[in-house]
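Visitor: Each chain, letter by letter, is given below.
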Amino acid sequence: MASGDIVGFIYKESPPATLFPQPYVRAGGSTPAERVPVYGFDASTDEFMDFYVHLQGYDGGGLTCTIEWSAASATTGVTRWGVAVRRIQDDAEDVDAAHTYDYNEADDTTASASGETSKVDITFTNGADMDSWADGESAIARVTRNADHANDTMTGDAELWKLIIKET
Amino acid sequence: MATMTSQQRADCAAESMRDTRWSGVPNVLKADWRATVDAIDQWVSDAATGIPATSYNSALPVTFRTNASAAQKALALVFVVSKRYLTGV
Numbered sequence: 010m011a012s013g014d015i016v017g018f019i020y021k022e023s024p025p026a027t028l029f030p031q032p033y034v035r036a037g038g039s040t041p042a043e044r045v046p047v048y049g050f051d052a053s054t055d056e057f058m059d060f061y062v063h064l065q066g067y068d069g070g071g072l073t074c075t076i077e078w079s080a081a082s083a084t085t086g087v088t089r090w091g092v093a094v095r096r097i098q099d100d101a102e103d104v105d106a107a108h109t110y111d112y113n114e115a116d117d118t119t120a121s122a123s124g125e126t127s128k129v130d131i132t133f134t135n136g137a138d139m140d141s142w143a144d145g146e147s148a149i150a151r152v153t154r155n156a157d158h159a160n161d162t163m164t165g166d167a168e169l170w171k172l173i174i175k176e177t
Numbered sequence: 012m013a014t015m016t017s018q019q020r021a022d023c024a025a026e027s028m029r030d031t032r033w034s035g036v037p038n039v040l041k042a043d044w045r046a047t048v049d050a051i052d053q054w055v056s057d058a059a060t061g062i063p064a065t066s067y068n069s070a071l072p073v074t075f076r077t078n079a080s081a082a083q084k085a086l087a088l089v090f091v092v093s094k095r096y097l098t099g100v
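Taken in order, these protein sequences are the chains called A and H. Letter 106 of the first sequence, counting from 1, is numbered 115 in this note's numbering, and no numbers are missing. Letter 65 of the second sequence, counting from 1, is numbered 76 in this note's numbering, and no numbers are missing.
Keep in mind the hints are simulated off the structure, nothing from the lab. Built from N, CA and C at the ideal position, the CB exists for glycine as well. Heads up, a few of these hints could be off.
[Said to hold, decoys possible] If you anchor each label on the Cβ, the simulated ranges turn out as follows:
hint, chain 1, residue 1, chain 2, residue 2, range
1, A, Thr40, H, Thr60, 47 to 57 Å
2, H, Asp30, A, Glu77, 18 to 28 Å
3, H, Asn68, A, Ser23, 51 to 61 Å
4, A, Ser121, H, Asp30, 50 to 60 Å
5, A, Ser121, H, Tyr96, 20 to 30 Å
Input sequences plus hints: build the corresponding full structure.
Guide: Now the structure itself:
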């Protein structure tokens with residue numbers, strides 16, 4: 010795969026047992042109204058959402074995770090997003106055991122209207138930074154909002170629309 | 012009347028942002044909202060020992076005034092203010 014190509018194929022998404030964002034639909038303005046499915050990440054408590062991903066066509070150039078999101082109500086302020094990888098290595102990674110998720114994070118300013126989306130990139134270098142996730146393997150990509158970080162200033166929920174995983 | 016503790020104020024700021032009636036305020040960030048909660052709490056504390064509280068209590072019908080606790084009187088005020096301002100009376 011070339012740089013910029015999608016190499017992470019999301020086959021499931023599932024919230025963790027606790028501290029998960031509220032799934033809801035955001036009503037659009039058309040007639041009939043759209044029902045945009047989003048995950049609302051709290052403004053005060055760190056919450057997490059898991060994406061189950063298969064890596065295919067990865068050439069070792071590192072990953073760029075793009076998060077597309079909107080503000081539930083705010084039109085100013087910054088949200089701090091994070092992504093971490095738990096590699097599911099064949100006959101090696103025991104999902105019954107605990108894993109320490111190591112987040113790469115990035116700040117993003119909300120769009121000028123709460124119904125508009127903004128995109129932020131979070132990058133990973135090849136190797137340990139992405140838990141040594143290799144081509145052909147599955148992984149859990151955990152997305153978080155670091156709501157209690159000093160840089161996270163936006164009031165109200167941050168709504169996750171989608172996660173895209175590309176070769177850097 | 013004492014103000015809320017810092018943790019109570021933080022909880023108030025966080026819980027309010029989770030309320031579906033929260034619509035956000037332009038240019039107001041989390042720190043600004045927390046400062047607003049602090050200021051309102053201070054005002055309520057001051058009002059409880061001053062003229063506004065006396066005036067409010069006197070305005071209540073005697074049956075409610077003599078039977079309701081301070082918390083119930085406060086809740087009654089919340090109901091009325093919410094109805095007035097959130098429905099645009």
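Visitor: Each hint should be assessed against the structure and marked as holding or not.
Guide: Verification of the supplied hints:
1. The hint said 47 to 57 Å for the Cβ distance between Thr40/A and Thr60/H, and at roughly 53 Å that hint holds.
2. Here the CB-CB span from Asp30/H to Glu77/A is close to 26 Å, well matched to the stated 18 to 28 Å.
3. As the Cβ distance of Asn68/H to Ser23/A is approximately 53 Å, the hint placing it in 51 to 61 Å holds.
4. Hint check: Ser121/A to Asp30/H, Cβ distance near 24 Å, so the stated range 50 to 60 Å is violated.
5. Roughly 27 Å separates the CB atoms of Ser121/A and Tyr96/H, a value that falls within the hinted 20 to 30 Å.
Hint compliance for this structure: hint 4 is the single one not met.
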